[in-house]
Amino acid sequence: MNRHWSKFNIVSVVLGFAFLYIPILLLIIYSFNASKLVTVWAGFSTKWYTAAFANQGLVDAAWVTFRVAIISATIATVLGTLAAMALARNTRFRGRFLFSGMIYAPLVMPEVITGLSLLLLFVAVGMDRGITTVTLAHITFSMCFVAVVVQSRLASFDRSLEEAALDLGATPARAFFSVTLPIIMPAIVAGWMLAFTLSLDDLVIAQFNSGPGATTLPMKIFSQVRLGVTPEINAVCTILVGVVTTGVIIASLSIKRQEVRAARAERLATQT
Amino acid sequence: MSNPKQPAALNRTFHPWLEEGAKPFIEFRNVTKRYGSFTAVDDLSLEIFEREFFALLGPSGCGKTTLMRMLAGFEDVTEGDVFLAGENLADVPPYRRPVNMMFQSYALFPHMSVEKNIAFGLKQDGMAKSEINDRVADMLVLVKMEQFGKRKPDQLSGGQKQRVALARSLAKQPKLLLLDEPLGALDRKLREETQFELVDLQEKLGITFMIVTHDQEEAMTVADRIAVMDHGRIVQVAPPMEMYERPNSRYVADFLGDINLIASKTVGRAKGKILLQSDSGQELQVTTGENFAIDRNVWFASRPEKLSISRKKPAKSINSLEGVVWDIAYLGGVTIYKVKLDSGEFVKAAVLNSSVSGNDIITWEERVWISCSPQGARILTS
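Keeping their order, the protein sequence lines are chains A and B. Oh and the first sequence: position 90 is 90 in our numbering, straight run, nothing missing. So the number in our numbering is just where the residue sits in the second sequence, counting from 1, plus 1000.
The set of hints was computed from the structure by calculation and includes no laboratory data. This structure is a prediction, so every number in the text was calculated from the model and none was measured. Treat the hints with caution; some may be incorrect.
[What the hints assert, rightly or not] Derived lysine to aspartate or glutamate pairs resembling EDC-like cross-links, with alpha carbons at most 20 Å apart:
| # | chain 1 | residue 1 | chain 2 | residue 2 |
| --- | --- | --- | --- | --- |
| 1 | B | 1116 | B | 1091 |
| 2 | B | 1150 | A | 266 |
| 3 | B | 1152 | A | 158 |
| 4 | B | 1152 | A | 266 |
| 5 | B | 1116 | A | 158 |
| 6 | B | 1116 | A | 60 |
| 7 | B | 1306 | B | 1283 |
| 8 | B | 1023 | B | 1042 |
| 9 | B | 1123 | A | 163 |
| 10 | B | 1116 | A | 163 |
[What the hints assert, rightly or not] Covered stretches of chain A, going by a simulated chain B footprint (3 or more residues, C-beta under 8 Å):
| # | region |
| --- | --- |
| 11 | 66-80 |
| 12 | 156-167 |
[Claimed, not checked] Computed far set for chain A versus chain B, every beta-carbon distance over 12 Å:
| # | residue |
| --- | --- |
| 13 | 6 |
| 14 | 8 |
| 15 | 172 |
| 16 | 175 |
| 17 | 249 |
| 18 | 268 |
Where a beta carbon is used, it is the ideal one built from N, C-alpha and C, also for glycine.
Pulled out of the complex, with its shape left as it was, chain A reads as follows (with noise of 0.2 Å):
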């Protein structure tokens, strides 16, 4: 293997980061501004991040949207579990095909009319929109996400394993829990987490389901940087992508413990 990087190698690799990540470096570098007008660098403060706490506004629309993240994330795995269950366990059943476009459909489907269909079912069956409208709506879109990744751990999945535990006096529910649930677990969460960031950063769903009092984050921004970019907001968004950073972090590294465990099982399995 080469070593060496060409130049043409160093500088696509420059721009690509560039292009992705100066937006956001932007962002960050901005929020610890001493000024009040964002595009005028004053030195440097973090008063914009205690602003941003005593902000009451914004502290309620960070609680509503975790609120929200984690009842519909907890859910939507649930369901979406279910679902790739159907799915990968029965090849073939009436309706299966119709069924697993059903399932998919959502994927593709535009979030406006995803966010404008559910609007006018609440509206139908008479239900105020509220934190309820909205946790139901980020359920129903993230369901899939879930469904897809769930499905494809599913389709790896050993069957005599679970055939084995049948054997073996099982109960067909006792099978589930104690050997294909602790083994398609890794699959599981990363769906809820999934599942878990798409309710946290969506604003065009929420903006048609939520109601007073239900005003998530991502909308609380827009609304506010429709009357100018505040260094507050700057601050806000630092803080989410912290957080999102820092679970990028922590999965990478249980995968990368996961790797050397591994590779010291192998090597075991060979010594003796």
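Here the structure of chain A is known, so what remains is to put chain B in place on it, guided by the hints.
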């Protein structure tokens, strides 16, 4: 085509299938299994007896695995019935059958230690904890894996995994153990060793074993009886020696070992022998107790090791055919000569290399005589 007289060399005295009125432990009664338009098992009936080591042998797709999975409860029966110890298994779910299975992939639970894997089945039965621990310890001793109890399956070699899978399937002391290609993933040396260990284990535990394999040597090593399957049907059921020496068809003869076939016609009888004429005009004789109609199309069949090869025409010129050495495969213990007969047919002769070979050995393109005693051949009709 069962012969009531067992060959004397068969040292095992265990053959309940010959006893009159013996009750079968497992019985397949006119069992058919269809997947859509594909028939995996076709109107099959089979009886297996207690403490028997029974092998299902056949190429992939012949229905042997389906048959085994019906016993475990993983496949429904489309038509017919399966009985285990007199009980119809139709409505018994897999987790209530006194049957355990060792899977081809071993199917060890990757998130559990070796001990937990073995204890899994016992725990499902609600056995007391101390009892479970004792049983697990016994099982580990049985498969010589005492020092590996705390390991995870990932930390074991293929042979060790195989032992754990065996221990797990035996832990519940099932009445019947099913083995689905249990040694398929092991290398040759280890496989041969393990075959003998399986036989010892089965004799020690007195459990009925049923093994599915496509490896004829494996089936012959371990089994009391073998069933050769083809396209969802059983072609022949017999102990290994009988199956090899008296196959009932070209299919079985060819599946178990090598066979030379010469298309012939029956022309006469003489003193316990049947006289044949090969399609190329050669006269052949076969000693047999069976009777065949005259002028019937049959095959003269003989195993390579029952043929002898010589430069001179043998004194007794029965079943002697002349030809040219076409190919030689030196395998160490034996040498296989592929000879092209003057009639155009090819036959294989296996010669045991009983002494350290000298210079005077038959070589390529030499003219040779191939001969076979009338006792060393069989007549096959299908």
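Results for each hint:
1. 1116/B with 1091/B: 30 Å, violated
2. 1150/B with 266/A: The given pair, whose Cα atoms are some 15 Å apart, holds under the 20 Å limit.
3. 1152/B with 158/A: 17 Å, holds
4. 1152/B with 266/A: Within the cut-off at roughly 11 Å; holds.
5. 1116/B with 158/A: Roughly 19 Å between the alpha carbons, so the hint for residue 1116/B and residue 158/A holds.
6. 1116/B with 60/A: 48 Å, violated
7. 1306/B with 1283/B: It holds: about 18 Å lies between the C-alpha atoms, which stays within 20 Å.
8. 1023/B with 1042/B: Violated, at about 24 Å.
9. 1123/B with 163/A: 16 Å, holds
10. 1116/B with 163/A: Distance ~17 Å between residue 1116/B and residue 163/A Cα, so the pair holds.
11. 66-80: Violated, because only 0 residues of the region 66-80 of chain A bring their Cβ atoms closer than 8 Å to Cβ atoms of chain B.
12. 156-167: holds (count 8)
13. 6: 40 Å, holds
14. 8: 42 Å, holds
15. 172: The claim is violated: residue 172/A sits with its nearest Cβ about 8 Å from chain B, within 12 Å.
16. 175: 8 Å, violated
17. 249: 25 Å, holds
18. 268: 4 Å, violated
In summary, the numbered hints that this structure violates are 1, 6, 8, 11, 15, 16 and 18.
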